[in-house]
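For this one, chain U is given, so just place chain L on it according to the hints.
Listed below, chain by chain, are the residues.
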Amino acid sequence: MRVRLLAIGLVAGVFSALFGVGGGIIVVPLLVVVGLSGRTATGTSLAAISLTAAAGAIAYGLHGDLKPGPAALIGLPAVGGVLLGVELQQRLTGKTLALGFSLLLTAVGIRLLV
Amino acid sequence: MSEVLVVILGFAGGILAGLFGVGGGILFVPTLVLVLGLTQVHAEATSLLAILPTVLVGAWRQSRHGNVDWRAALLVGLGSVVGVEGGVQIAKALPESTLRRLFAIFMLVVAASIAWRALRPESSYPSNDDRL
Numbered sequence: 032m033r034v035r036l037l038a039i040g041l042v043a044g045v046f047s048a049l050f051g052v053g054g055g056i057i058v059v060p061l062l063v064v065v066g067l068s069g070r071t072a073t074g075t076s077l078a079a080i081s082l083t084a085a086a087g088a089i090a091y092g093l094h095g096d097l098k099p100g101p102a103a104l105i106g107l108p109a110v111g112g113v114l115l116g117v118e119l120q121q122r123l124t125g126k127t128l129a130l131g132f133s134l135l136l137t138a139v140g141i142r143l144l145v
Numbered sequence: 625m626s627e628v629l630v631v632i633l634g635f636a637g638g639i640l641a642g643l644f645g646v647g648g649g650i651l652f653v654p655t656l657v658l659v660l661g662l663t664q665v666h667a668e669a670t671s672l673l674a675i676l677p678t679v680l681v682g683a684w685r686q687s688r689h690g691n692v693d694w695r696a697a698l699l700v701g702l703g704s705v706v707g708v709e710g711g712v713q714i715a716k717a718l719p720e721s722t723l724r725r726l727f728a729i730f731m732l733v734v735a736a737s738i739a740w741r742a743l744r745p746e747s748s749y750p751s752n753d754d755r756l
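Going line by line, the protein sequences match chains U and L.
Letter by letter, the first sequence follows residues 32 to 145 of our numbering.
Letter by letter, the second sequence follows residues 625 to 756 of our numbering.
Here chain L stands alone, though its shape is the one from the complex:
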């Protein structure tokens, strides 16, 4: 039964990835912790692996719509590879409960920033006319 819930939340995470240009990890990590009982570190590692096929397919579809600036993507991607090692070291050094609380706070901050951006008159979310 919990597998069905994971599949549903995985699908939902994919929809969010396509809509908002994110990886879906913000749903994958709590799903892996709360539904499958993974530790926070294992959930985060596993989430990154799950994100990979999601964003590859998403980027391919978006490129068909002409919505990928490949040069910018390469530069951001290369910068991120350098940052990743630092993030892994911090995550592995923190106690499990601290990392989990930090993640929860990160979720709440993200939720607040999304709501704030969506409610501003000049919303920065893509709309039909893509006015920014």
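One chain only, chain U, in its complex shape:
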């Protein structure tokens, strides 16, 4: 179990730094595979990403790539959003929201490609 969790982290860490994401999109389903319940997987993923994001921000910061102003502009509203998101998750079924999220990502991904 310990080795599997470290391996999940290793893969997530590469993806996280390569794409500037938390890596939760990889961590959550893999935590479910190793036996955590869905909600515990999402909570545990958030805790793990704190270490991932801190390491990534420091590594990029050493290269001089961080823009603190834009980070605050997008990150501080996100703190409000996550408070709402966690409470919503305790009450809602995720299916419709997951499909909406999927459509949004598809649209933005296509916009980035063309």
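Hints are computed from structural coordinates only; laboratory data are not their basis.
Please note: incorrect hints may appear among the correct ones.
What the hints assert, rightly or not - Just some of the chain L residues that point at chain U, by a computed CB distance under 10 Å:
1) Ala636
2) Gly645
3) Thr670
4) Arg695
To be verified - Not the full set, but computed from the structure, chain U residues with beta-carbon under 7 Å of chain L:
5) Gly55
6) Val59
7) Ala84
8) Gly87
9) Val110
10) Gln120
11) Gly131
12) Val139
Stated by the list, open to error - Have a look at the derived ranges for each label pair, beta carbon to beta carbon:
13) Ile141(U) x Gly690(L): 19 to 29 Å
14) Glu627(L) x Gln121(U): 30 to 40 Å
15) Glu118(U) x Val631(L): 14 to 24 Å
16) Pro719(L) x Met32(U): 38 to 48 Å
Glycine is no exception: its CB is placed at the ideal position from the N, C-alpha and C atoms.
Only chain L this time, still in chain U's reference frame:
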């Protein structure tokens, strides 16, 4: 005006972070590139910094609901710290346009996998009864 859009998308990214246990970066990065005009590398670096307060607050709230396995989180987190350096090296070595296209493809793959998991009868997304 673009600042207002960034604030709205930041808030939306935070909601996704809370709902799906992700950092929100998959929305932060394209927002920083398309709305604020950052380069792909600067957007990715900045996204990671923005993710940090989001996931700290999210993990704290989830722990209040009893939904954090701290030992598993620590192991995954420690593994990820090792992986991060590799990811940074790859991102810095790739040409800007290649990294941006790779990110777009990553988004589309993520979108497809989310839709696939949501549409399966035994959905792996948390529901009211948390049946998996």
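The hints, checked one at a time:
At its closest, the beta carbon of Ala636(L) sits 6 Å from a beta carbon of chain U; the interface hint therefore holds under the 10 Å criterion. Given the 10 Å rule on beta carbons, the hint for Gly645(L) holds: about 3 Å separates it from the nearest Cβ of chain U. Taking 10 Å as the C-beta cut-off, the interface hint given for Thr670(L) holds, the closest approach to chain U being about 5 Å. The criterion of a C-beta within 10 Å of any C-beta in chain U is met by Arg695(L), whose closest approach is roughly 8 Å, and the hint holds.
Interface restraint check for Gly55(U): the shortest CB-CB distance to chain L comes to about 3 Å, inside 7 Å, so the restraint holds. Because the closest C-beta pair between Val59(U) and chain L is about 5 Å apart, less than 7 Å, the hint holds. Checking Ala84(U) against chain L: minimum C-beta separation of about 4 Å stays under 7 Å; hint holds. Among the interface hints, the one on Gly87(U) holds; its C-beta lies about 4 Å from the nearest C-beta in chain L, closer than the 7 Å criterion.
Annotation: Val110(U) was flagged as interfacial toward chain L, and the flag holds, the nearest CB pair being 5 Å apart, inside 7 Å. The interface hint given for Gln120(U) is met, as the beta carbon of that residue sits about 5 Å from the closest beta carbon of chain L, less than 7 Å. For Gly131(U), the interface hint is violated, since its Cβ never comes within 7 Å of a Cβ in chain L; the closest pair sits about 10 Å apart. At its closest, the beta carbon of Val139(U) sits 5 Å from a beta carbon of chain L; the interface hint therefore holds under the 7 Å criterion.
The hint said 19 to 29 Å for the Cβ distance between Ile141(U) and Gly690(L), and at roughly 39 Å that hint is violated. Distance hint check: the CB atoms of Glu627(L) and Gln121(U) are about 32 Å apart, consistent with the given range 30 to 40 Å. At about 20 Å, the CB distance of Glu118(U) to Val631(L) agrees with the hint of 14 to 24 Å. Between Pro719(L) and Met32(U) the Cβ separation comes to about 40 Å, which falls inside the hinted range of 38 to 48 Å.
Violation of the numbered hints given earlier is confined to hints 11, 13; the remaining hints are satisfied by the structure.
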